[in-house]
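**Student:** The lines below spell out each chain.
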Amino acid sequence: MVAAKLLEFIRYLQRSIQYSGKAGMVRRYFFTNGFDGAMSMLGIVLGTSLLAGADNLTVATAGLGAALAMFLSGFMGTYATEVAESKLRIKELHDSMLIDVEHTEVGRAGKVGAVIAAFIQGLGSLIFSLTVLSPYLYAVNYGLAGQTAMLSSIALGLVTLFVLGASLGKLTRQSLMLTGAKMMGVGLITTVLIFVVEVLF
Amino acid sequence: MPERPEGFVVKVVLDVLKPHDPSIVDFAREINSVKNVHRVDVSIVEVDANTETVKLVVEGHGIKLEDVEAVVKRLGAAIHSVDQVVVEKR
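Residue numbers (my numbering), protein chains in the order written: chain A, 30 to 230; chain B, 3 to 92.
Hint data in this document are derived by calculation from the structure and do not stem from the laboratory.
Every residue, glycine too, gets a C-beta built ideally from N, C-alpha and C.
You may find that some hints are simply not true.
Taking lysine to aspartate or glutamate pairs in the EDC-like style, the calculated list, with each CA pair at most 16 Å apart, reads [claimed, not checked]:
hint, chain 1, residue 1, chain 2, residue 2
1, B, 75, A, 129
2, A, 120, A, 131
3, B, 75, A, 134
4, B, 75, A, 131
5, B, 37, B, 71
6, B, 75, B, 28
7, A, 211, A, 65
8, B, 75, B, 32
9, B, 57, B, 43
Covered stretches of chain B (chain A as the covering partner; in silico rule of three or more C-beta atoms under 8 Å from a C-beta of chain A) [stated by the list, open to error]:
hint, segment
10, 48-54
11, 65-78
Based on the sequences and whatever the hints tell you, model everything.
**Tutor:** Structural data, given as structure tokens:
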């Protein structure tokens with residue numbers, strides 16, 4: 030009974046995202062924000078951990094705060110944009126068809142689709158930023174040397190960026206290795222730049 | 003009191019104006035879920051910036067036009083005209 034209700038709800042969400050015309054966009058949002066989340070967290074982790082006297086708890090707390098802020102900022106930013114887009118779409122449809130489209134499944138899908146898009150966008154950055162931060166979360170709870178946590182975080186960040194790039198390559202039918210390597214290369218350049226800036230200042 | 007004419011609607015052809023989403027595949031599936039409908043054929047007639055005009059052929063046994071119309075409306079589309087109806091005896 031519960032499983033059937035859940036399945037029905039999932040189908041409703043799938044239908045809403047299809048009918049709202051946001052299916053392709055949600056996929057793009059997920060990857061864009063996953064990339065943003067992973068890169069930002071890499072920067073926060075490196076920047077904070079290289080500070081003199083910064084312990085694992087400081088890095089983990091700063092990282093968690095940033096991850097939460099990125100999730101909420103992503104959610105609200107996308108929600109506001111997509112609700113406005115949906116309203117415009119409904120108005121254009123109304124002008125073209127001269128009927129009330131707002132109170133149909135297409136109209137409702139526009140509103141539900143905006144919430145789903147916003148949630149996926151926020152979730153993309155939250156999942157990948159927490160992945161990069163996870164060595165520090167482990168270090169705080171179970172104990173791990175600061176340097177090991179930092180190196181693990183960098184390694185996880187680069188692997189996450191590679192996986193994101195490769196997944197994007199698969200979806201857009203490009204070379205998985207090439208798109209993965211490009212994303213990882215950007216992460217590597219960022220890491221080196223942060224180290225250089227930290228050493229100079 | 004005159005008797006209601008006998009006959010089951012087995013086919014209707016409708017001229018429908020719909021948004022691009024849902025796609026004609028989803029649109030056809032939704033119409034096919036209407037009671038007594040066994041076959042749905044949707045063809046694009048004209049594509050505009052925000053909408054498309056489709057020829058909707060619905061086949062079945064004892065099709066209720068109002069049921070089909072309700073689903074069409076629910077999907078944000080509008081029936082422009084009923085172009086053909088086929089009725090059979092039981």
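**Student:** Out of the numbered hints, which ones does the structure contradict?
**Tutor:** Violated hints: none at all, because every hint is consistent with the structure.
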